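Trainee: Next come the chains, spelled out residue by residue.
Number of protein chains: 2
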Amino acid sequence: MSVKAKAIYTFQSENKEEISIQENEELVIFDEHSVDGWLQGVNSRGEKGLFPASYVEILRQRSNSNLTDSSISPAGSLGNDSPHFPSTPNSTTSFLPNQGYYDDDDDDWDDWDDSSTVVEDDDPDHPRRGSGGPNGHAHHSPNSNNPNVHYRAKPRMERQDSISSSRKGSVVGRNLNRFSSFVRSGVEAFVLGDVPMMAKIAESYTIEIGPKGPQWKESPQPFSCSIEDPTKQTKFKGIKTYISYRVTPSHIDAAVYRRYKHFDWLYNRLLHKFTVISVPHLPEKQATGRFEEDFIDKRKRRLILWMNHMTSHPVLSQYEGFEHFLMCADDKQWKLGKRRAEKDEMVGAHFMLTFQIPNEHQDLQDVEERVDSFKCFTKKMDDSVMQLTHGASEMVRRHLGEFRKEFHRLGSAFQCLSQAFMLEPPHSSEPLNNAISHTGRTYENIGEMFAEQPKFDLFQMLDKLSLYQGLLANFPDIIHLQKGAFAKVKESQKMSDEGKMEQDEADGIRKRCRTVGFALQAEMSHFHQRREVDFKDMMQAYLKEQIAFYQRVVQQLERTLHTYDSL
Amino acid sequence: MSVKAKAIYTFQSENKEEISIQENEELVIFDEHSVDGWLQGVNSRGEKGLFPASYVEILRQRSNSNLTDSSISPAGSLGNDSPHFPSTPNSTTSFLPNQGYYDDDDDDWDDWDDSSTVVEDDDPDHPRRGSGGPNGHAHHSPNSNNPNVHYRAKPRMERQDSISSSRKGSVVGRNLNRFSSFVRSGVEAFVLGDVPMMAKIAESYTIEIGPKGPQWKESPQPFSCSIEDPTKQTKFKGIKTYISYRVTPSHIDAAVYRRYKHFDWLYNRLLHKFTVISVPHLPEKQATGRFEEDFIDKRKRRLILWMNHMTSHPVLSQYEGFEHFLMCADDKQWKLGKRRAEKDEMVGAHFMLTFQIPNEHQDLQDVEERVDSFKCFTKKMDDSVMQLTHGASEMVRRHLGEFRKEFHRLGSAFQCLSQAFMLEPPHSSEPLNNAISHTGRTYENIGEMFAEQPKFDLFQMLDKLSLYQGLLANFPDIIHLQKGAFAKVKESQKMSDEGKMEQDEADGIRKRCRTVGFALQAEMSHFHQRREVDFKDMMQAYLKEQIAFYQRVVQQLERTLHTYDSL
Numbered sequence: 001m002s003v004k005a006k007a008i009y010t011f012q013s014e015n016k017e018e019i020s021i022q023e024n025e026e027l028v029i030f031d032e033h034s035v036d037g038w039l040q041g042v043n044s045r046g047e048k049g050l051f052p053a054s055y056v057e058i059l060r061q062r063s064n065s066n067l068t069d070s071s072i073s074p075a076g077s078l079g080n081d082s083p084h085f086p087s088t089p090n091s092t093t094s095f096l097p098n099q100g101y102y103d104d105d106d107d108d109w110d111d112w113d114d115s116s117t118v119v120e121d122d123d124p125d126h127p128r129r130g131s132g133g134p135n136g137h138a139h140h141s142p143n144s145n146n147p148n149v150h151y152r153a154k155p156r157m158e159r160q161d162s163i164s165s166s167r168k169g170s171v172v173g174r175n176l177n178r179f180s181s182f183v184r185s186g187v188e189a190f191v192l193g194d195v196p197m198m199a200k201i202a203e204s205y206t207i208e209i210g211p212k213g214p215q216w217k218e219s220p221q222p223f224s225c226s227i228e229d230p231t232k233q234t235k236f237k238g239i240k241t242y243i244s245y246r247v248t249p250s251h252i253d254a255a256v257y258r259r260y261k262h263f264d265w266l267y268n269r270l271l272h273k274f275t276v277i278s279v280p281h282l283p284e285k286q287a288t289g290r291f292e293e294d295f296i297d298k299r300k301r302r303l304i305l306w307m308n309h310m311t312s313h314p315v316l317s318q319y320e321g322f323e324h325f326l327m328c329a330d331d332k333q334w335k336l337g338k339r340r341a342e343k344d345e346m347v348g349a350h351f352m353l354t355f356q357i358p359n360e361h362q363d364l365q366d367v368e369e370r371v372d373s374f375k376c377f378t379k380k381m382d383d384s385v386m387q388l389t390h391g392a393s394e395m396v397r398r399h400l401g402e403f404r405k406e407f408h409r410l411g412s413a414f415q416c417l418s419q420a421f422m423l424e425p426p427h428s429s430e431p432l433n434n435a436i437s438h439t440g441r442t443y444e445n446i447g448e449m450f451a452e453q454p455k456f457d458l459f460q461m462l463d464k465l466s467l468y469q470g471l472l473a474n475f476p477d478i479i480h481l482q483k484g485a486f487a488k489v490k491e492s493q494k495m496s497d498e499g500k501m502e503q504d505e506a507d508g509i510r511k512r513c514r515t516v517g518f519a520l521q522a523e524m525s526h527f528h529q530r531r532e533v534d535f536k537d538m539m540q541a542y543l544k545e546q547i548a549f550y551q552r553v554v555q556q557l558e559r560t561l562h563t564y565d566s567l
Numbered sequence: 001m002s003v004k005a006k007a008i009y010t011f012q013s014e015n016k017e018e019i020s021i022q023e024n025e026e027l028v029i030f031d032e033h034s035v036d037g038w039l040q041g042v043n044s045r046g047e048k049g050l051f052p053a054s055y056v057e058i059l060r061q062r063s064n065s066n067l068t069d070s071s072i073s074p075a076g077s078l079g080n081d082s083p084h085f086p087s088t089p090n091s092t093t094s095f096l097p098n099q100g101y102y103d104d105d106d107d108d109w110d111d112w113d114d115s116s117t118v119v120e121d122d123d124p125d126h127p128r129r130g131s132g133g134p135n136g137h138a139h140h141s142p143n144s145n146n147p148n149v150h151y152r153a154k155p156r157m158e159r160q161d162s163i164s165s166s167r168k169g170s171v172v173g174r175n176l177n178r179f180s181s182f183v184r185s186g187v188e189a190f191v192l193g194d195v196p197m198m199a200k201i202a203e204s205y206t207i208e209i210g211p212k213g214p215q216w217k218e219s220p221q222p223f224s225c226s227i228e229d230p231t232k233q234t235k236f237k238g239i240k241t242y243i244s245y246r247v248t249p250s251h252i253d254a255a256v257y258r259r260y261k262h263f264d265w266l267y268n269r270l271l272h273k274f275t276v277i278s279v280p281h282l283p284e285k286q287a288t289g290r291f292e293e294d295f296i297d298k299r300k301r302r303l304i305l306w307m308n309h310m311t312s313h314p315v316l317s318q319y320e321g322f323e324h325f326l327m328c329a330d331d332k333q334w335k336l337g338k339r340r341a342e343k344d345e346m347v348g349a350h351f352m353l354t355f356q357i358p359n360e361h362q363d364l365q366d367v368e369e370r371v372d373s374f375k376c377f378t379k380k381m382d383d384s385v386m387q388l389t390h391g392a393s394e395m396v397r398r399h400l401g402e403f404r405k406e407f408h409r410l411g412s413a414f415q416c417l418s419q420a421f422m423l424e425p426p427h428s429s430e431p432l433n434n435a436i437s438h439t440g441r442t443y444e445n446i447g448e449m450f451a452e453q454p455k456f457d458l459f460q461m462l463d464k465l466s467l468y469q470g471l472l473a474n475f476p477d478i479i480h481l482q483k484g485a486f487a488k489v490k491e492s493q494k495m496s497d498e499g500k501m502e503q504d505e506a507d508g509i510r511k512r513c514r515t516v517g518f519a520l521q522a523e524m525s526h527f528h529q530r531r532e533v534d535f536k537d538m539m540q541a542y543l544k545e546q547i548a549f550y551q552r553v554v555q556q557l558e559r560t561l562h563t564y565d566s567l
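Heads up: the sequence lines are chains A and B, in that order. The letter at position 369 of the first sequence is residue 369 when you use UniProt numbering, and the numbering goes up by one with no holes. The letter at position 280 of the second sequence is residue 280 when you use UniProt numbering, and the numbering goes up by one with no holes.
No wet-lab data here; the hints were simulated from the structure. Treat each hint with caution, since some may be false.
To be verified - PhoX-like mimics (lysine-lysine), calculated; alpha carbons at most 25 Å apart, straight line:
1. A/Lys-235 x A/Lys-16
2. A/Lys-300 x A/Lys-536
3. A/Lys-483 x A/Lys-380
4. A/Lys-285 x A/Lys-455
5. A/Lys-380 x B/Lys-405
6. B/Lys-455 x B/Lys-405
7. A/Lys-455 x B/Lys-405
8. A/Lys-48 x A/Lys-4
9. B/Lys-405 x A/Lys-405
10. A/Lys-405 x B/Lys-380
11. B/Lys-405 x A/Lys-544
12. B/Lys-511 x B/Lys-490
13. A/Lys-235 x A/Lys-300
14. B/Lys-285 x B/Lys-232
15. B/Lys-240 x B/Lys-4
16. B/Lys-511 x A/Lys-405
17. B/Lys-455 x A/Lys-405
18. A/Lys-237 x A/Lys-16
Unchecked claim - Coverage of chain B stretches by chain A, computed from C-beta distances (three or more under 8 Å per stretch; other residues unrestricted):
19. 429-443
20. 550-558
Stated by the list, open to error - To list a few chain B residues with every Cβ distance to chain A over 12 Å, as calculated:
21. Lys-16
22. Asp-31
23. Asp-297
24. Arg-339
25. Pro-476
The model shown is predicted, which means the values in this text are computed figures rather than measured ones. No residue lacks a Cβ here, since even glycine has one placed at the ideal position from N, Cα and C.
Only chain A is shown next, with the shape it has when bound in the complex (with noise of 0.2 Å):
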């Protein structure tokens, strides 16, 4: 049964399985269940393919009012347990592009639109909203086809004030942008008081006092994860592709495979709850050429990346919802694991009870100054990781370009040179006419050489700076955080000064604003360990690569150099 929709949204097609559609054109659609979101039709323009259910209204044949007021209804955001739309004259529900929706109906084993999906509907700045298929299109960085210009992800933070206002009476003013990240994240309520204490925590994050500070307490179960053999997956009668990764955590013997957006799940449960905690966005979705070798390599070593990021991290490594993504194989505990991490209650301000902290007195002025210090090593680090990646994405593109270009030129100079010489046999040397041909096949050789070595040391040097670029962006908002408790302190301290707030409750803040400034500590003394490291060894193997690069080019120059020498 063919069924005609109208456009509601232009779509611009980026994939060739997909076609473009304009506002108000008229299409005609194949089957009106949508898989992943997205339905098959053809366009006035008579292409066929593919298009975002969310992107048009479905025209009921039964219905003769006109287009623009007749019965619509979402295609594709009531799963497939509704192949049949109910009929909702004047409705006015058709789902914006960027609405939250998970619709994964061939994918039998990771069924995500069930009703406990949080529907993520509260956050205006969240980037990844309506991109839980690997295709949506609904929320393209501007930036996302400049290779130069990276992708940063805001983090994304929790709206608490729901919790705040449940209780009433307190004192302390609240801040009235209600959008602050101090406030978006629960930290104010946290600060204030205003998350009650829950009866039985079952997690719990310990921070010690280190050589340089507060510190997360290690992991007691360290462990590593590989990531591998991306591989090319089908659906969809073979028109959907997807690439599935194989990912073996070292403390167990068994792999899973996950496609990318199970780590995009995994990392807005990870947005969702860590406070405090700077969590690396993954890298970034590429609109064209996905299943391009390149890409797909490119992907899986960020994918790598980001995960030695995930499993050094003390807190991050023990989160219930990652254990859960590293080790289930089943679908039926698939479900049950993503369910019980959606109703996770330890999130955002609730976060915050979870931490252990050391008894150690430490001067709120001193944690404000070494917070501000960090404030400006990270402002200054974030400059120079964007100079050095714009310097090392600009080397890349002359040793494919320039480089590998005039090495060839001057090769297939020589070899020019040398089949002129060889016009005058009885004038000319063969062997010389072999040397210089040499020449020119080496040079050529070299132009191939240069073009290949960022492969080899540029681009990981590139996959790391990502790396780093996601850390750094979440900061500020991170920093943000404390100066808002730092604030509330001192406000609570006049108060109680000025006999307006009991003492205990003014102690009180001051205590969970402790709280607050040992986690982002111990946050930051995290990102300087791995930073020392991480930093070290990409610039040894930067080294490393440069060095036996640059001694293949002599090499290939001495082998070269030697043809002349029996001439």
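Since the structure of chain A is already known, use the hints to place chain B on it.
Mentor: Frame of chain A, contents of chain B only:
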């Protein structure tokens, strides 16, 4: 006494001591005595400086006639013996800028303006005309400002019409194109027997049969010659400057000092005399920045290559004018030698009389095929030399531009990163920061190494390619001589067969054509012999420098990598 003058040609200033003048512009001249063909004065825009004397007409104050047909006289064209220009009303003798004049009155020992100077007014193609002084702008190559397109002098051929027309009764038709090199060089006259054998010929050049065919007999006294110490000299109260080179032939103890214009004088003598021999052009003039270090260095390197070709050539190296150039240190003797060289009768057509050829029979058909093959070869070699010149020039540009820039950029970014890390002393390792900073300096340094490297390899390659461009550019005309001679043989044989010519006369033509053929083959052989040596040397030198360069890069990187070892 200041004198008025009118510009008869537009002249564009190309050095800071020069001023531009527009056609018809009125000028004030400080002194009507030109120096080196230059006058000093003020143009209508009030700019003071030098301009070529031949570009202006002196306006006599005693004459009141209007500008266009006033009594005019070329400045500087009559030499310093006649400081007062005769008033010649209605004269139309204002010299063209490319007419030959030599005016060198302050250069006391090489006074070139004597009446015996051969006025080279019979060759419209002569590229060197009027460029006796190092500043002669009269004949700028249109490409002289483009380093990638090299100036190619066409060999100068003397027209020998006067000789051929002096003899009546020759029955073989003459070429109608009197400007063809065959005619202008005098080879037509020689082949047709129009050049009378002279009673006493002091010069003699022997062609012998070598393993690969006819070749020049080696010079009995082979030698080499160094060119060193380019030194800036000034004259004309310091306004005009020039460079003097120390020239030391290996078989003489004493050095002589020569300017570029002396080389130019020698070059013009060589073009004048040596038919059938490829005389490479001198390193090109450069309009601006003549005294910049790089230009002086480049000219010196190229003069050395030119000199090496001269001394390696069995015929050119024995030329009396060359000997004079190499040895004469005395002013009086120099003048005498110059006049003698300029009065040399064994030039052009007569030079053909100086060859001693082997008795060996050569089938003319074979010779023609050999020449045709050489023609194809020179064409192809010329193309590939051009291509290699282009490739090497582009590589120079990249070394100085993109390569340097990108390594620099990367180096700066590393240093910036190190500075960021230094902001958090307790959390960062000073040795790592220092190592990263060191890496930054290393890459900046490598950028400089890339920019410096062309001086050690590509420049030398370009020098040699430029010499060969000059040599190759002469062959089309030289081959044309032989083609013309063959045509005459065929024509005369046909006439003899038809009884229209005595067999003796036809045999004479054939015999003289053999001389042309032997001479050309000897020159071809010499070219190949030098080419083999020169290009082998060029390639080896280039590869050695390239290896040394990349080894230095490796060493730099290795030293840098070691700074991470202790971390």
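Trainee: Each hint: holds or not?
Mentor: Here's how the hints hold up against the structure:
{"no.": "1", "hint": "A/Lys-235 x A/Lys-16", "verdict": "holds, 16 Å"}
{"no.": "2", "hint": "A/Lys-300 x A/Lys-536", "verdict": "holds, 22 Å"}
{"no.": "3", "hint": "A/Lys-483 x A/Lys-380", "verdict": "holds, 19 Å"}
{"no.": "4", "hint": "A/Lys-285 x A/Lys-455", "verdict": "holds, 20 Å"}
{"no.": "5", "hint": "A/Lys-380 x B/Lys-405", "verdict": "holds, 23 Å"}
{"no.": "6", "hint": "B/Lys-455 x B/Lys-405", "verdict": "holds, 18 Å"}
{"no.": "7", "hint": "A/Lys-455 x B/Lys-405", "verdict": "holds, 21 Å"}
{"no.": "8", "hint": "A/Lys-48 x A/Lys-4", "verdict": "holds, 14 Å"}
{"no.": "9", "hint": "B/Lys-405 x A/Lys-405", "verdict": "holds, 17 Å"}
{"no.": "10", "hint": "A/Lys-405 x B/Lys-380", "verdict": "holds, 23 Å"}
{"no.": "11", "hint": "B/Lys-405 x A/Lys-544", "verdict": "holds, 22 Å"}
{"no.": "12", "hint": "B/Lys-511 x B/Lys-490", "verdict": "holds, 12 Å"}
{"no.": "13", "hint": "A/Lys-235 x A/Lys-300", "verdict": "holds, 21 Å"}
{"no.": "14", "hint": "B/Lys-285 x B/Lys-232", "verdict": "holds, 16 Å"}
{"no.": "15", "hint": "B/Lys-240 x B/Lys-4", "verdict": "holds, 22 Å"}
{"no.": "16", "hint": "B/Lys-511 x A/Lys-405", "verdict": "violated, 54 Å"}
{"no.": "17", "hint": "B/Lys-455 x A/Lys-405", "verdict": "holds, 21 Å"}
{"no.": "18", "hint": "A/Lys-237 x A/Lys-16", "verdict": "holds, 16 Å"}
{"no.": "19", "hint": "429-443", "verdict": "holds (count 5)"}
{"no.": "20", "hint": "550-558", "verdict": "holds (count 6)"}
{"no.": "21", "hint": "Lys-16", "verdict": "holds, 35 Å"}
{"no.": "22", "hint": "Asp-31", "verdict": "holds, 52 Å"}
{"no.": "23", "hint": "Asp-297", "verdict": "holds, 23 Å"}
{"no.": "24", "hint": "Arg-339", "verdict": "holds, 40 Å"}
{"no.": "25", "hint": "Pro-476", "verdict": "holds, 16 Å"}
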